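K.L.:
Quick mapping for you: the protein sequence lines, in order, are chains A and B. Positions 1 to 204 (full-length UniProt numbering) are the ones given, in order, by the first sequence. Positions 1 to 204 (full-length UniProt numbering) are the ones given, in order, by the second sequence.
Since the hints were made in silico from the structure, they are not lab data. Every value quoted in this text rests on a predicted model; they were computed, and no experiment measured them. Some hints could be false.
Stated by the list, open to error - Straight-line C-alpha distance at most 25 Å; calculated SDA-like pairs for lysine to any residue:
hint, chain 1, residue 1, chain 2, residue 2
1, B, Lys-12, B, Arg-100
2, B, Lys-53, A, Gly-116
3, A, Lys-53, B, Lys-12
2 protein chains.
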Amino acid sequence: MVKQERAVRTRKALIAAAADHFSHDGYGPASLVAISRQAGVTTGALHFHFPTKEALASAVVTAAAQRLRELLAGCEARTPSGEALRLLVDAGHELTRRLREDAVLRAGFELDGDLGCPEGIGGVRGLWCLWIQATLEQAEKTGELREGVVPAQLAAVVYACTVGLQTLGRRDPGWCSQRMLTRFWSLALPRITADRRGPDPAGS
Amino acid sequence: MVKQERAVRTRKALIAAAADHFSHDGYGPASLVAISRQAGVTTGALHFHFPTKEALASAVVTAAAQRLRELLAGCEARTPSGEALRLLVDAGHELTRRLREDAVLRAGFELDGDLGCPEGIGGVRGLWCLWIQATLEQAEKTGELREGVVPAQLAAVVYACTVGLQTLGRRDPGWCSQRMLTRFWSLALPRITADRRGPDPAGS
Numbered sequence: 001m002v003k004q005e006r007a008v009r010t011r012k013a014l015i016a017a018a019a020d021h022f023s024h025d026g027y028g029p030a031s032l033v034a035i036s037r038q039a040g041v042t043t044g045a046l047h048f049h050f051p052t053k054e055a056l057a058s059a060v061v062t063a064a065a066q067r068l069r070e071l072l073a074g075c076e077a078r079t080p081s082g083e084a085l086r087l088l089v090d091a092g093h094e095l096t097r098r099l100r101e102d103a104v105l106r107a108g109f110e111l112d113g114d115l116g117c118p119e120g121i122g123g124v125r126g127l128w129c130l131w132i133q134a135t136l137e138q139a140e141k142t143g144e145l146r147e148g149v150v151p152a153q154l155a156a157v158v159y160a161c162t163v164g165l166q167t168l169g170r171r172d173p174g175w176c177s178q179r180m181l182t183r184f185w186s187l188a189l190p191r192i193t194a195d196r197r198g199p200d201p202a203g204s
Numbered sequence: 001m002v003k004q005e006r007a008v009r010t011r012k013a014l015i016a017a018a019a020d021h022f023s024h025d026g027y028g029p030a031s032l033v034a035i036s037r038q039a040g041v042t043t044g045a046l047h048f049h050f051p052t053k054e055a056l057a058s059a060v061v062t063a064a065a066q067r068l069r070e071l072l073a074g075c076e077a078r079t080p081s082g083e084a085l086r087l088l089v090d091a092g093h094e095l096t097r098r099l100r101e102d103a104v105l106r107a108g109f110e111l112d113g114d115l116g117c118p119e120g121i122g123g124v125r126g127l128w129c130l131w132i133q134a135t136l137e138q139a140e141k142t143g144e145l146r147e148g149v150v151p152a153q154l155a156a157v158v159y160a161c162t163v164g165l166q167t168l169g170r171r172d173p174g175w176c177s178q179r180m181l182t183r184f185w186s187l188a189l190p191r192i193t194a195d196r197r198g199p200d201p202a203g204s
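Bound conformation, chain A alone (with noise of 0.2 Å):
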């Protein structure tokens, strides 16, 4: 049981380091001895729980996912419903937060962009599109968006965006910000509202 737990431990902080150095220096130059030392295990035990690489990154992929649906239902749990465009302003906007914050949510984008890595391994960035455009299907469903706006082509411009913003904060942190995407929704929102009182572009 105990060795169970220790496993689990060991397990998730090698998760941690590789997110940390894959987001860092990318998944090509990442070191393996890098992110055992900094897992405080010798690459042996690294490989004992994760054969190769790819399985690595494949498993901060997995632990990625994982937060981003949790955090997407927490965002869902607080927004009253008939509120999907609110929804959908106030997930970028805890996304953004997040993604300064939590290598392994960062790493699980930035993975899906990273040519180095195998492409089989990802889906975090699709897994956040298709939510994007189910949530604006919500919002036409309800009546949220002005006669015309497209679910479907609003979505691809909205993930663009996002996408653009997380790209260029990988060199500057200033452009993954809060101060942006109000930049954008401030921009987008009163194009698509049908309501002339639309959600507050910083989030609510």
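We have chain A; now place chain B onto it with these hints.
P.N.:
Here is chain B on its own, set in the frame of chain A:
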């Protein structure tokens, strides 16, 4: 003279091959052996022209910056003065087209976001960012912007969105497309133009 011409041709072939490989594989994984092979020269000849991988990447970026400047100058020459917003929309579409076809231009943009690439190499994206901002300041001067629109704030949104489309386009070319850029401008233009008859979101 003939020898000098051959040197210029070799240099160009190496830059083109390097751009292909940097863009396809990323800076870190790109192989100098494969680059010299594609350029039809020995690795010795590659090292004669470019002593390091960094020097080669730097040459790709310099060539890409030159192409971007020419592209923007061409758009400026074709656009009637006093139509800065139309210039911005058209240049974005022209850039999107060229990014798909021109590996040197594409690699120049991508090396900016490539964590494996030394940070001092780059600046093509920054050039694009500065040009967007200068063009929007011009639009403000000629009264094309709606009251309350702040050029620097709008420039950040336009820049982030184009970087997002280009980043997503690395894995799925459908993203870096005029269709996607048109969606963005369809959303943004009615919010920012002083006049009801702004430029065509699909470009002119």
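K.L.:
It remains to establish, for every hint, whether it holds in the given structure.
P.N.:
So, going through the hints one by one against the coordinates:
For the hint linking Lys-12 of chain B to Arg-100 of chain B, the alpha-carbon distance of about 20 Å falls within 25 Å, and the restraint holds. Simply put, Lys-53 of chain B and Gly-116 of chain A have alpha-carbon atoms about 17 Å apart, close enough for the 25 Å limit, and the pair holds. Among the hinted pairs, Lys-53 of chain A with Lys-12 of chain B is inconsistent with the structure: their alpha-carbon atoms are about 37 Å apart, more than 25 Å.
The structure is inconsistent with hint 3 alone, although it conforms to all the rest.
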